[in-house]
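Use these hints to put chain B onto chain A, whose structure you have.
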Amino acid sequence: EVQLVESGGGLVQPGGSLRLSCAVSGFRFSDHYMDWVRQTPGKGLEWVGRIRHKVGSYITEYAPSVKGRFTISRDDSKSSLYLQMNSLNTEDTAVYYCVRAVLHRNWNFDLWGRGTLVTVSS
Amino acid sequence: QSVLTQPPSVSGAPGQRVTISCTGINSNLGAGYDVHWYQQLPRTAPKLLIYGDTNRPSGVPDRFSGSKSGTSASLAITGLQAEDEADYYCQSYDNSLSAYVFGTGTTVTVL
Numbered sequence: 004e005v006q007l008v009e010s011g012g013g014l015v016q017p018g019g020s021l022r023l024s025c026a027v028s029g030f031r032f033s034d035h036y037m038d039w040v041r042q043t044p045g046k047g048l049e050w051v052g053r054i055r056h057k058v059g060s061y062i063t064e065y066a067p068s069v070k071g072r073f074t075i076s077r078d079d080s081k082s083s084l085y086l087q088m089n090s091l092n093t094e095d096t097a098v099y100y101c102v103r104a105v106l107h108r109n110w111n112f113d114l115w116g117r118g119t120l121v122t123v124s125s
Numbered sequence: 256q257s258v259l260t261q262p263p264s265v266s267g268a269p270g271q272r273v274t275i276s277c278t279g280i281n282s283n284l285g286a287g288y289d290v291h292w293y294q295q296l297p298r299t300a301p302k303l304l305i306y307g308d309t310n311r312p313s314g315v316p317d318r319f320s321g322s323k324s325g326t327s328a329s330l331a332i333t334g335l336q337a338e339d340e341a342d343y344y345c346q347s348y349d350n351s352l353s354a355y356v357f358g359t360g361t362t363v364t365v366l
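Chains as they are written, first to last, in the numbering used here: chain A, 4 to 125; chain B, 256 to 366.
Next comes chain B alone, as it looks inside the complex:
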C-alpha cells in the first residue's frame, strides 16, 4: 500500500522547471527517515534518482534535485527535457508499519 502521497501527474514545456511533492506522516518522513526518488521510464524497471533526500547517484544529471522538510519532500526537474517523461516515485521507511513504503507515483509529461 502507498502511504506517501504524490500528485498523479505534472507537466511542463521543454526547458521549464517542474516539482513533484511527496507527503508523508509522522511515522515516516516526519520521523526523520530519508526520502529517496526513483525514475521509471516506459516499460523499464525503476532507477534510483535521488537518495538520502538530496544526493544524486553517479550519472544522474544535476537537473534533478531533492529536498525534504518535516513530513514533506520534493523532487525538482529544471530544464525539462523530452527524455524526462517518466513515472517518478518517492520512497522512505515507516516505523508503524515496519516496512519500506513508496509514494503513489507521478507521471511527468513534457508538452
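Chain A extracted, bound-state conformation:
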C-alpha cells in the first residue's frame, strides 16, 4: 500500500522555525521527484517546492514566496522527505502536503499525503 505520512506540524511563533518530515512507503522513493504543496483557507493550494532524485543531482526549486526561507531535502536510505522552514510568518499558516511528482509531457502530482497543519501565531 502506498503511503505518504507527514509529521512535524504544530504551533510556532512568527520568526520561528519548524521542520516537517514525510515518510514514504509503497513505491521506490529514490526514483521520484518529490514536492511540497500547501493549502490555506484564504489562498487555496500553493506549490512550495521540489527536490529532484539522485540522477537529477538532488536539485531543488522553490516558489518565490518561500525562496530563501525554506529548504527541501531528502534521505533516500530512509525514504523520507523534509521541509525546513525558517523565518516563518502568519502567511505560512497552512496544511502542508508531501506529494509525488510524475512526468506526462508536463509534471503533475499523482500521490498526496494527508498533510500536517502548521500554525504561525503569537
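If you're looking for bench data, these hints aren't it; they were derived computationally from the structure.
All the pointers check out, no bait thrown in.
Once the Cα atoms are required to be at most 30 Å apart in a straight line, the calculated DSBU-like pairs of lysine-lysine come out as:
#	chain 1	residue 1	chain 2	residue 2
1	A	Lys81	B	Lys302
2	B	Lys302	A	Lys70
3	A	Lys70	A	Lys57
4	A	Lys70	A	Lys81
5	A	Lys70	A	Lys46
6	A	Lys81	A	Lys57
7	A	Lys57	B	Lys302
8	A	Lys46	B	Lys302
Covered stretches of chain B (chain A as the covering partner; in silico rule of three or more C-beta atoms under 8 Å from a C-beta of chain A):
#	stretch
9	286–300
10	303–312
11	337–350
12	353–361
Quantities reported herein were computed from a predicted structural model and do not represent experimental measurements.
Every residue, glycine too, gets a C-beta built ideally from N, C-alpha and C.
Chain B only, in chain A's frame:
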C-alpha cells in the same frame, strides 16, 4: 497565489452534466503547458483526477473528462452523483513565475 481562475461554485441535480472552467494566461495554459485536475473530498487530501489535459488515472470513472483550448480548460462531470460533491482544482505550470500554479478552486454541490 492562484493564477488560474475558476468559478467558486457549480451545482446540478443527480444525473445532470456540469462543467468547471479554468482560465489562465499566456504564461501558463496559453504557453501550451498541460492542465491537470484534482478532486478534494471533504476533510481529505487532493486526488489526481485528470492529467495531461484529458487523461484519467486508473480507477477514475469515465464520467469525468477534461479538455483544453488556448488559455482555457474545462472539467466535465456527466451523470452527476452525490459522491461527486467536492472541491475541484486545476493546475499547470507558469513560466513567468517559474512555478507550478493551481486554480482558485470550485465547489461542486449535488442538489
